[in-house]
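Q: Here is how the chains run, residue by residue.
2 protein chains.
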Amino acid sequence: MPPFMAMTEETKKKYPFGVKERIARLEPYRPGKPIDEVKRELGLKDVIKLASNESPYGPSPKVLQAMRQTIKQVNRYPDGGCFYLRDALAKHLGVEPNQLIFGNGSDEVIVTALRAFVQEGEEVVIAKPSFLIYEIASCVVGAQVKAIPLKDFQYDLEGMKKAVSPKTKMIFIGNPDNPAGSYVSQKQLENFLNEISSQILVFVDEAYFEYVQAADYPDTITLLSKYPNLIIARTFSKMYGLAGLRVGFGIARSEVIDILNRLREPFNVNSIAQAAALACLKDQAYYRRIAKEIEEQRKFLYQSFEKMGLSFVKTVTNFLLIDVKTKSDEVSCRLLKKGVIVRDMAFWGLPTFIRVTIGAPSENRKFLRVLKEILKSA
Amino acid sequence: MPPFMAMTEETKKKYPFGVKERIARLEPYRPGKPIDEVKRELGLKDVIKLASNESPYGPSPKVLQAMRQTIKQVNRYPDGGCFYLRDALAKHLGVEPNQLIFGNGSDEVIVTALRAFVQEGEEVVIAKPSFLIYEIASCVVGAQVKAIPLKDFQYDLEGMKKAVSPKTKMIFIGNPDNPAGSYVSQKQLENFLNEISSQILVFVDEAYFEYVQAADYPDTITLLSKYPNLIIARTFSKMYGLAGLRVGFGIARSEVIDILNRLREPFNVNSIAQAAALACLKDQAYYRRIAKEIEEQRKFLYQSFEKMGLSFVKTVTNFLLIDVKTKSDEVSCRLLKKGVIVRDMAFWGLPTFIRVTIGAPSENRKFLRVLKEILKSA
Numbered sequence: 000m001p002p003f004m005a006m007t008e009e010t011k012k013k014y015p016f017g018v019k020e021r022i023a024r025l026e027p028y029r030p031g032k033p034i035d036e037v038k039r040e041l042g043l044k045d046v047i048k049l050a051s052n053e054s055p056y057g058p059s060p061k062v063l064q065a066m067r068q069t070i071k072q073v074n075r076y077p078d079g080g081c082f083y084l085r086d087a088l089a090k091h092l093g094v095e096p097n098q099l100i101f102g103n104g105s106d107e108v109i110v111t112a113l114r115a116f117v118q119e120g121e122e123v124v125i126a127k128p129s130f131l132i133y134e135i136a137s138c139v140v141g142a143q144v145k146a147i148p149l150k151d152f153q154y155d156l157e158g159m160k161k162a163v164s165p166k167t168k169m170i171f172i173g174n175p176d177n178p179a180g181s182y183v184s185q186k187q188l189e190n191f192l193n194e195i196s197s198q199i200l201v202f203v204d205e206a207y208f209e210y211v212q213a214a215d216y217p218d219t220i221t222l223l224s225k226y227p228n229l230i231i232a233r234t235f236s237k238m239y240g241l242a243g244l245r246v247g248f249g250i251a252r253s254e255v256i257d258i259l260n261r262l263r264e265p266f267n268v269n270s271i272a273q274a275a276a277l278a279c280l281k282d283q284a285y286y287r288r289i290a291k292e293i294e295e296q297r298k299f300l301y302q303s304f305e306k307m308g309l310s311f312v313k314t315v316t317n318f319l320l321i322d323v324k325t326k327s328d329e330v331s332c333r334l335l336k337k338g339v340i341v342r343d344m345a346f347w348g349l350p351t352f353i354r355v356t357i358g359a360p361s362e363n364r365k366f367l368r369v370l371k372e373i374l375k376s377a
Numbered sequence: 000m001p002p003f004m005a006m007t008e009e010t011k012k013k014y015p016f017g018v019k020e021r022i023a024r025l026e027p028y029r030p031g032k033p034i035d036e037v038k039r040e041l042g043l044k045d046v047i048k049l050a051s052n053e054s055p056y057g058p059s060p061k062v063l064q065a066m067r068q069t070i071k072q073v074n075r076y077p078d079g080g081c082f083y084l085r086d087a088l089a090k091h092l093g094v095e096p097n098q099l100i101f102g103n104g105s106d107e108v109i110v111t112a113l114r115a116f117v118q119e120g121e122e123v124v125i126a127k128p129s130f131l132i133y134e135i136a137s138c139v140v141g142a143q144v145k146a147i148p149l150k151d152f153q154y155d156l157e158g159m160k161k162a163v164s165p166k167t168k169m170i171f172i173g174n175p176d177n178p179a180g181s182y183v184s185q186k187q188l189e190n191f192l193n194e195i196s197s198q199i200l201v202f203v204d205e206a207y208f209e210y211v212q213a214a215d216y217p218d219t220i221t222l223l224s225k226y227p228n229l230i231i232a233r234t235f236s237k238m239y240g241l242a243g244l245r246v247g248f249g250i251a252r253s254e255v256i257d258i259l260n261r262l263r264e265p266f267n268v269n270s271i272a273q274a275a276a277l278a279c280l281k282d283q284a285y286y287r288r289i290a291k292e293i294e295e296q297r298k299f300l301y302q303s304f305e306k307m308g309l310s311f312v313k314t315v316t317n318f319l320l321i322d323v324k325t326k327s328d329e330v331s332c333r334l335l336k337k338g339v340i341v342r343d344m345a346f347w348g349l350p351t352f353i354r355v356t357i358g359a360p361s362e363n364r365k366f367l368r369v370l371k372e373i374l375k376s377a
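Chain order of the listed sequences is G and F. Residue numbers for the first sequence follow numbering that gives the first Met the number 0, beginning at 0 and rising by one. Residue numbers for the second sequence follow numbering that gives the first Met the number 0, beginning at 0 and rising by one.
No lab work stands behind these hints: they were computed from the structure. Please note that the accuracy of each hint is not assured.
Same chains, same names: a pair is fine if it fits in one copy or spans any two.
Taking lysine-lysine and the DSBU-like style, the derived pairs with C-alpha atoms no more than 35 angstroms apart in a straight line are [to be verified]:
#, residue 1, residue 2
1, Lys337, Lys225
2, Lys61, Lys32
3, Lys281, Lys71
4, Lys32, Lys71
5, Lys161, Lys90
6, Lys371, Lys71
7, Lys61, Lys44
8, Lys291, Lys127
9, Lys160, Lys150
10, Lys127, Lys61
11, Lys281, Lys160
12, Lys11, Lys145
13, Lys281, Lys337
14, Lys90, Lys326
15, Lys44, Lys71
16, Lys306, Lys326
17, Lys186, Lys12
18, Lys336, Lys90
19, Lys145, Lys12
Based on the sequences and whatever the hints tell you, model everything.
A: Below, the structure written as structure tokens:
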């Protein structure tokens, strides 16, 4: 959408105080359907959700304990500076505390970076398909988005570099990428950063960092000293299983973080999220076990798809793309009616693909059973 | 600060990718110090906080129960639409569900309204002093702020009306006002709305709504049908005692809400906040008791100040301004060293005033005792 599109007569009439036409027309993010909503709307009792790349497991006992201790004090505002969490996370990552910004989910870090550094009419380069928030949030600030198609479900970094113009202000690299599940290697990322002007911010979104086992996956934090234009985002929503609590973070040079901190809301991370995230950091063993289990389930799913003759995209994350070789909207709709929520990729431009989160063993078995039934009768 | 100020050489050097000078210079919100921070920094054991207009009481047993039930499911994303909370709140308020937007605190509703409707170079009219976020968030979007001084700690609506220019896009009315604790009556508000063009949004912030007993306090929701340019904000942070959880809301015509919903993050309200707020609505009796107790404590404080010969501003809220007739920064600093956190009003342009939250009876007694000691030796 052109950032400076004039208000239509219809918009003017509806909004006498005015609104930017691009915002009046904005297509909001479409989240995976909540389990409760599906139960309510379809009258189903047993519903599993493999649509939002959540962890199938609740918080560890230690994390639950930290939450229970905090719920009685919610009449007090949260610590706006996230003191204890910041201190522990800085040590955990080997960065300075002032190199961290916390967000109400890492999506808030993405939005805040765009609000801080990208002006109306400037350009943002993203991959296509990739996490929808990159495009939506860029549109909100009035940026022109250049979306470079993936090549064989991998980032086309060469193509993204060529898309850079004097107006380009930010480049998003989802690493690993959502929905492809593929990743950019250390060498690829370094080469890319070497060839990009330091006047362009490179935002590396590592939401699925904790799942990646690949030896050549980048150690992005060590690149911060060489590339002042680098911003990294990670989250407690995925492997740490705190999606419902909303806590993510950004890592960058302190001067970049300083700007982001000026723009965020003073109490953007709630008290329970802070306590729970801190407890997660102290309970690494629990989360390593989960990562290991997801890895085993990934192998199990690969084997099952091969037996079924289905092609899929190999992933380093807890989700994967499956080519159902028929209309994905129909397949996902039929899965939904059987109580299995997955993501239809038609909206992402992949009309025969569904994206499925790797769930607990019983969830994966149910998904495979229902998918087999549906594809047999398709 | 002028919205279009050019980048200085220093800023350019620090940020080769550029940043708006007004954002590089932004003075962030200064929150009240958290109790933990004061204990840590001053080595104190007993600290009370009367600085952030929080409820001194934790959640009700029913609310705690709702939170406990939710903490095990935080691995799932929150319901982005806040279905159950929206439905219950709409019924509670007598509005349609699509007239509500939920925020990560009501401050997020303020920021979102500015991002949606106010463009760089346009003007925002506020009172001075008032809630700092109105000014900070206006500055972030590049608006020019016109701040009209209170008259005898009351909104000067006549002065605010005169400040309106063809560039004016939004007017903030804190009702009751923070930090004054005074309010605009139904008649005053209606007269004001009648005289303001429908091309200007009037944002009425009712964060302390539940504390107000005054018979002529506005029933703002009923005004929505007549004034399409009206936005109301309320919160669960104050009387409902959920400050730590971050949940507030806006009420407006559905077309205004539609725009705000396009701009917010998809999962901006965490799951525990949704469950707790819903339980609050169902447990009104508990909160009415708290409101009554705060009212009694307010009277007790009035009487105590009168005995001490201190002048103060009468309030309809759970906080009040006290004129300590000496430097407020010194008094608040000395109170802090004795473990009593209050808000120094010097930054707000009231260099002999402190703002004090009405706490639990024991907290109020401690505050009075320490204040007496300090003023005796001043």
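Q: Now tell me if each hint is right for this structure.
A: Evaluation of the provided hints:
{"no.": "1", "hint": "Lys337 with Lys225", "result": "neither (51 angstroms within a copy, 47 angstroms between copies)"}
{"no.": "2", "hint": "Lys61 with Lys32", "result": "both (29 angstroms within a copy, 28 angstroms between copies)"}
{"no.": "3", "hint": "Lys281 with Lys71", "result": "both (22 angstroms within a copy, 18 angstroms between copies)"}
{"no.": "4", "hint": "Lys32 with Lys71", "result": "both (31 angstroms within a copy, 19 angstroms between copies)"}
{"no.": "5", "hint": "Lys161 with Lys90", "result": "neither (38 angstroms within a copy, 54 angstroms between copies)"}
{"no.": "6", "hint": "Lys371 with Lys71", "result": "between (48 angstroms within a copy, 32 angstroms between copies)"}
{"no.": "7", "hint": "Lys61 with Lys44", "result": "both (30 angstroms within a copy, 26 angstroms between copies)"}
{"no.": "8", "hint": "Lys291 with Lys127", "result": "within (30 angstroms within a copy, 57 angstroms between copies)"}
{"no.": "9", "hint": "Lys160 with Lys150", "result": "within (14 angstroms within a copy, 58 angstroms between copies)"}
{"no.": "10", "hint": "Lys127 with Lys61", "result": "neither (39 angstroms within a copy, 47 angstroms between copies)"}
{"no.": "11", "hint": "Lys281 with Lys160", "result": "neither (40 angstroms within a copy, 56 angstroms between copies)"}
{"no.": "12", "hint": "Lys11 with Lys145", "result": "both (29 angstroms within a copy, 26 angstroms between copies)"}
{"no.": "13", "hint": "Lys281 with Lys337", "result": "between (39 angstroms within a copy, 34 angstroms between copies)"}
{"no.": "14", "hint": "Lys90 with Lys326", "result": "neither (48 angstroms within a copy, 41 angstroms between copies)"}
{"no.": "15", "hint": "Lys44 with Lys71", "result": "both (33 angstroms within a copy, 19 angstroms between copies)"}
{"no.": "16", "hint": "Lys306 with Lys326", "result": "within (21 angstroms within a copy, 79 angstroms between copies)"}
{"no.": "17", "hint": "Lys186 with Lys12", "result": "between (54 angstroms within a copy, 29 angstroms between copies)"}
{"no.": "18", "hint": "Lys336 with Lys90", "result": "between (47 angstroms within a copy, 30 angstroms between copies)"}
{"no.": "19", "hint": "Lys145 with Lys12", "result": "both (32 angstroms within a copy, 28 angstroms between copies)"}
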